[in-house]
Amino acid sequence: MNKNEDGLDSTLDTRKLEHKMLLYYTQDGLWDICLGVCVLGWALALRYDFIAFIGVIVAVAVTLVPLLKSKLTYPRIGYARLRPDSGVRKWLAALVGMGVAVFLMVVSASTGVKDLFREYLPVLLGAMGASLIAVLGRAFNAGRFYWYGLLVFLAGVAHQWGGVDLWLAVAVSGAAMVGCGTGVLVRFLRDNPRLDEDVDA
Amino acid sequence: MPEETGQERQTSGLEAVDRVIHEPARLAIMARLYVLEEADWLFLHRETGLSFGNLTSHLARLESSGYVSIEKAFLNRKPHTVVRMTDGGRAAFERYRGQMRGLLDSDI
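Just so you know, the sequences run in chain order A and B.
FYI, in the numbering used here the residues of the first sequence are 1 to 201.
FYI, in the numbering used here the residues of the second sequence are 1001 to 1108.
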């Protein structure tokens, strides 16, 4: 029996199937917009030196996404939820682990290392933001997020060695994410008309 | 005792396979539900490419076998059906997958 001929083998490959299902979460571009808005919030917090702004923006954006999904996404492509033991949880746990590791590294660093941190803080912040976004991209199998991570890293580099205001560089990368996400959303809405469950199962 | 031929081995292997799951449309539904906590009817319709009528009848077959549970409700005055794989369905799918992997790996 040829495994490639009948396609049964790929149907039974649940890991591949789970990987494909992950695309479902990001194909509407709403999480891209949410991420972009959060990065814009970060830029505004830097601009006005009001750190709580990030929290408010993140809370509003994250609350709005499920609401928008129920209005825009589910009537078009349906609703599905991954199992709690899926790979996404492991990647999100890795994300938290990364955050804790960085925090401990900064806290326990010697004075010399702390000075080095301070000197290269913008580029380090950019690298941390980029890593965080890249892990999100890996968790949700969304290649676009790697580019977003690169944008955030470049924002740090632009400030560190290019003399560009940090808030402005971060705002530009956030705006690029919102723009890209909006493009994805528009294409998604155009390609997927509303489909109501006409005949009840 | 005469040695079993490859053809006979294939037949005896397939006889043990769960026919409810082995049907291609139902296998497509079960494979997707296996990786999901739950999915609605529209999602399954789009993912499997089955027509409304076909999907309904295959889901009914899976429900009667105890492999899925179907919850019907109304959302914004429109019917909304959420499907979940039961523990029995999960065990049956894992058993089926093991059997089929065994058959595929045996190069019969």
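Careful, some of the hints might be misleading.
[Unchecked claim] Over 12 Å on every C-beta distance to chain A, these chain B residues come out as not near it, computed from the model:
| no. | residue |
| --- | --- |
| 1 | E1015 |
| 2 | R1019 |
| 3 | L1027 |
| 4 | A1039 |
| 5 | S1065 |
| 6 | G1088 |
| 7 | A1091 |
| 8 | G1098 |
[Claimed, not checked] Some chain B residues well away from chain A (every beta-carbon gap over 12 Å; in silico):
| no. | residue |
| --- | --- |
| 9 | A1016 |
| 10 | V1020 |
| 11 | A1031 |
[Claimed, not checked] Short, incomplete list of chain B residues facing chain A, as computed with Cβ under 10 Å:
| no. | residue |
| --- | --- |
| 12 | V1035 |
| 13 | L1042 |
| 14 | F1043 |
| 15 | S1069 |
| 16 | F1093 |
| 17 | R1095 |
None of these hints come from the bench; they were simulated from the model.
Think of the CB as a built atom: it goes at the ideal place given N, C-alpha and C, for glycine as much as any other residue.
Results for each hint:
| no. | hint | result |
| --- | --- | --- |
| 1 | E1015 | holds (16 Å) |
| 2 | R1019 | holds (15 Å) |
| 3 | L1027 | violated (6 Å) |
| 4 | A1039 | violated (4 Å) |
| 5 | S1065 | holds (16 Å) |
| 6 | G1088 | holds (16 Å) |
| 7 | A1091 | holds (14 Å) |
| 8 | G1098 | violated (10 Å) |
| 9 | A1016 | holds (16 Å) |
| 10 | V1020 | holds (15 Å) |
| 11 | A1031 | violated (5 Å) |
| 12 | V1035 | holds (4 Å) |
| 13 | L1042 | holds (3 Å) |
| 14 | F1043 | holds (3 Å) |
| 15 | S1069 | violated (12 Å) |
| 16 | F1093 | holds (9 Å) |
| 17 | R1095 | violated (12 Å) |
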